[in-house]
Amino acid sequence: MAQAHTPKFSNPVVTWIDSRLPIFTMLNHEYNEYPMPKNVNYLWAFGAMAGMMLVIMIATGLFLAMQYTANTHMAFESVERIMRDVNFGWLLRYVHANGASMFFIVVFIHLFRGLYYGSYKAPREILWILGVVILLLMMATAFMGYVLPWGQMSFWGATVITNLFSAFPIVGDPIVTWLWGGFSVDNPTLNRFFALHFLLPFVIFAVVILHVAALHISGSNNPLGIDAKGPQDTVPFNPYVTVKDGFAIVVFLILYAAFVFFAPNYLGHPDNYIPANPLVTPAHIVPEWYFLPFYAILRAIPDKLGGVLAMFGAIAVLFVLPWLDTSRVRSCKFRPIYRQFFWVLVLCVLVLGYAGAQPAEGAWLLIARIGTFYYFFHFLVLLPVLGKMERPLPLPVSISEPVLKGGGRVAAGAHAKPMEKA
Amino acid sequence: MRALKTVLLSAAVALGLAGAAHASEGVHIPTQDWPHSGIFGTIDQASAQRGFQVYKEVCAACHSMKLVPIRTLSGIGYNEEQLKAIAAGYEVQAGPNDAGEMFMRPAIPADRFPSPFANDQAARASNNGALPPDLSLMAKARKGGEDYLYAFLTGFREPPDGVTVMDGMYYNEYFPGHQVGMPNILNPDGVTFADGTKATVEQQAHDVATFLTFVAEPHMDARKQMGVKVILFLIVLAGLMYATKRQLWSSVKH
Numbered sequence: 001m002a003q004a005h006t007p008k009f010s011n012p013v014v015t016w017i018d019s020r021l022p023i024f025t026m027l028n029h030e031y032n033e034y035p036m037p038k039n040v041n042y043l044w045a046f047g048a049m050a051g052m053m054l055v056i057m058i059a060t061g062l063f064l065a066m067q068y069t070a071n072t073h074m075a076f077e078s079v080e081r082i083m084r085d086v087n088f089g090w091l092l093r094y095v096h097a098n099g100a101s102m103f104f105i106v107v108f109i110h111l112f113r114g115l116y117y118g119s120y121k122a123p124r125e126i127l128w129i130l131g132v133v134i135l136l137l138m139m140a141t142a143f144m145g146y147v148l149p150w151g152q153m154s155f156w157g158a159t160v161i162t163n164l165f166s167a168f169p170i171v172g173d174p175i176v177t178w179l180w181g182g183f184s185v186d187n188p189t190l191n192r193f194f195a196l197h198f199l200l201p202f203v204i205f206a207v208v209i210l211h212v213a214a215l216h217i218s219g220s221n222n223p224l225g226i227d228a229k230g231p232q233d234t235v236p237f238n239p240y241v242t243v244k245d246g247f248a249i250v251v252f253l254i255l256y257a258a259f260v261f262f263a264p265n266y267l268g269h270p271d272n273y274i275p276a277n278p279l280v281t282p283a284h285i286v287p288e289w290y291f292l293p294f295y296a297i298l299r300a301i302p303d304k305l306g307g308v309l310a311m312f313g314a315i316a317v318l319f320v321l322p323w324l325d326t327s328r329v330r331s332c333k334f335r336p337i338y339r340q341f342f343w344v345l346v347l348c349v350l351v352l353g354y355a356g357a358q359p360a361e362g363a364w365l366l367i368a369r370i371g372t373f374y375y376f377f378h379f380l381v382l383l384p385v386l387g388k389m390e391r392p393l394p395l396p397v398s399i400s401e402p403v404l405k406g407g408g409r410v411a412a413g414a415h416a417k418p419m420e421k422a
Numbered sequence: 001m002r003a004l005k006t007v008l009l010s011a012a013v014a015l016g017l018a019g020a021a022h023a024s025e026g027v028h029i030p031t032q033d034w035p036h037s038g039i040f041g042t043i044d045q046a047s048a049q050r051g052f053q054v055y056k057e058v059c060a061a062c063h064s065m066k067l068v069p070i071r072t073l074s075g076i077g078y079n080e081e082q083l084k085a086i087a088a089g090y091e092v093q094a095g096p097n098d099a100g101e102m103f104m105r106p107a108i109p110a111d112r113f114p115s116p117f118a119n120d121q122a123a124r125a126s127n128n129g130a131l132p133p134d135l136s137l138m139a140k141a142r143k144g145g146e147d148y149l150y151a152f153l154t155g156f157r158e159p160p161d162g163v164t165v166m167d168g169m170y171y172n173e174y175f176p177g178h179q180v181g182m183p184n185i186l187n188p189d190g191v192t193f194a195d196g197t198k199a200t201v202e203q204q205a206h207d208v209a210t211f212l213t214f215v216a217e218p219h220m221d222a223r224k225q226m227g228v229k230v231i232l233f234l235i236v237l238a239g240l241m242y243a244t245k246r247q248l249w250s251s252v253k254h
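Going line by line, the protein sequences match chains A and B. Using the UniProt record's numbering, you'd call the opening residue of the first sequence number 1 and step up by one each time. Using the UniProt record's numbering, you'd call the opening residue of the second sequence number 1 and step up by one each time.
Only chain A is shown next, with the shape it has when bound in the complex (with noise of 0.2 Å):
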């Protein structure tokens, strides 16, 4: 960026900053004039809410570290002072307890927008990776976060995950001793885990910057899967999208504001308000919902070794997705026989999550490992051969065609000229 800058601002003060360090240009650039493709639908605002619920997890977490001790004897009393005597300490905690299991919920459905639009095939594919690692991020910090209060669930979820690396042959164990920092789940291990749970987010925030940046270099996808031709099948950011995402994030919010006020506990475990206690074990140790389906991976596979690399590849495949996809259409819309597929692949992730609450028996199990035989069929055989296979229906020519001739969604095929893919 080293070229002859023009600013283009009134204000002097902006003008001067600017043509010395253009962040006004650039935010210009990005979050009023960015181009988004007028078709979006309100999928598209998940990324926003995403975007704020890291910041509510941000702002929440450093009151509460502030009031927070990361000691295995005062850790439990600590929280039930914010809970008790700290002003508004229950808001702060229960904004951001809730909190995970929405940015949980919004990032899902992100992810599922993703997989349904095709808004990871190119040129989105390093976009597409980052949100990926963002995903990967999020589940460490939300697993070390649900360690603190250090209750029964705590203690017990803390103990069998790091466990599960010592599933690894030789390294294993000593990996198991050196994140533990002893031979047990004990102070050293909360006090790690609470560094991390601080030091991850901002970290997360980082892959959002460069998310974000891969994005605006490819621009949105939307839901016809073409790209834009020009400004006539895009507006500007600001205010269309601003506005229609700031509804969205509203109606949000309402949904979050009921967990937080009504059910606070209800995404939590009882056994959570126990204060840790290594000689007792709980009857089931069940991690957080958003990790059940994981959880049903792992316990589907009879080895344990086997069900840990198992764990770990349903995230490893979704880095390799891109290149597993060979049809170069993107959206589901145009794809008749992988639209079926994908929500199958939905209800087989529900199912999963489902079979993981339950005890790893009978036909719970049996309906575990036919979700986890299908996931893994859906990536990797599913969808490389059905790129190959499928016939696409015709795409439209443009983004605003469709629309303007004055058809729906449905009347795109009649209007379009027939096209070759992509």
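Read the hints as simulated data drawn from the structure, not as lab findings. All residues carry an ideal CB built from backbone N, CA and C; glycine is no exception. Just so you know, not all the hints are guaranteed correct.
Among chain A residues calculated to face chain B with C-beta under 8 Å, some are [claimed, not checked]:
| # | residue |
| --- | --- |
| 1 | L253 |
| 2 | I254 |
| 3 | N265 |
Please arrange chain B on chain A, whose structure you already have, making use of the hints.
Okay, now just chain B, sitting in the frame of chain A:
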């Protein structure tokens, strides 16, 4: 609108999934009608005060409530003088004094409720090896919450035919595993309520469950009242946002 419906539907499905985490085996806990349940429900203060009396005269013989300061009871209608009087009824350890010795003094409202035993080991030694759990968070620390507490306190039965209860254990219909170290301690008229309410076992169980719900979450009433205002505000804001969005996008052909 269709897209919006999809969004809401997806959220509902995700939340239904979350509910699955709670579904589990075990005995069915009958639900009670609580004045504090629901969006507008608030703690029944008279009931909670009676529950405090049951706690003080019955439960506190074995159970601690060590996370709760005595001043918390201002939330169920005790004024400052009453709180000081309640506190003065307890002795807490203080010190060391100038001679380096610990001493006992009457409690003040800022003190937490003193525990009946010096430590867990002492509690076990006096209770046939069983540890009476702390009651500070009991209403949130058991599946079923206050419904479970009520069911448990009224659930002591003669063991059914073919079930032998171990020595020093008691049969309870709702306790996981049915054998519990705690005996049936609520007796008809075991306490005499100051407000003249008849102290049936059910009444005592109801009142003490209400009290424990309050101490587990002293800010529950304030939370729900704030929630109603927040959600009303958000609904109005959503309406305005939607109107703005409609107006703005009406000129865009899409």
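Hints and how they fare:
1. L253: L253(A) check passes; min Cβ-Cβ to chain B is 5 Å, inside 8 Å.
2. I254: I254(A) check passes; min Cβ-Cβ to chain B is 5 Å, inside 8 Å.
3. N265: 6 Å, holds
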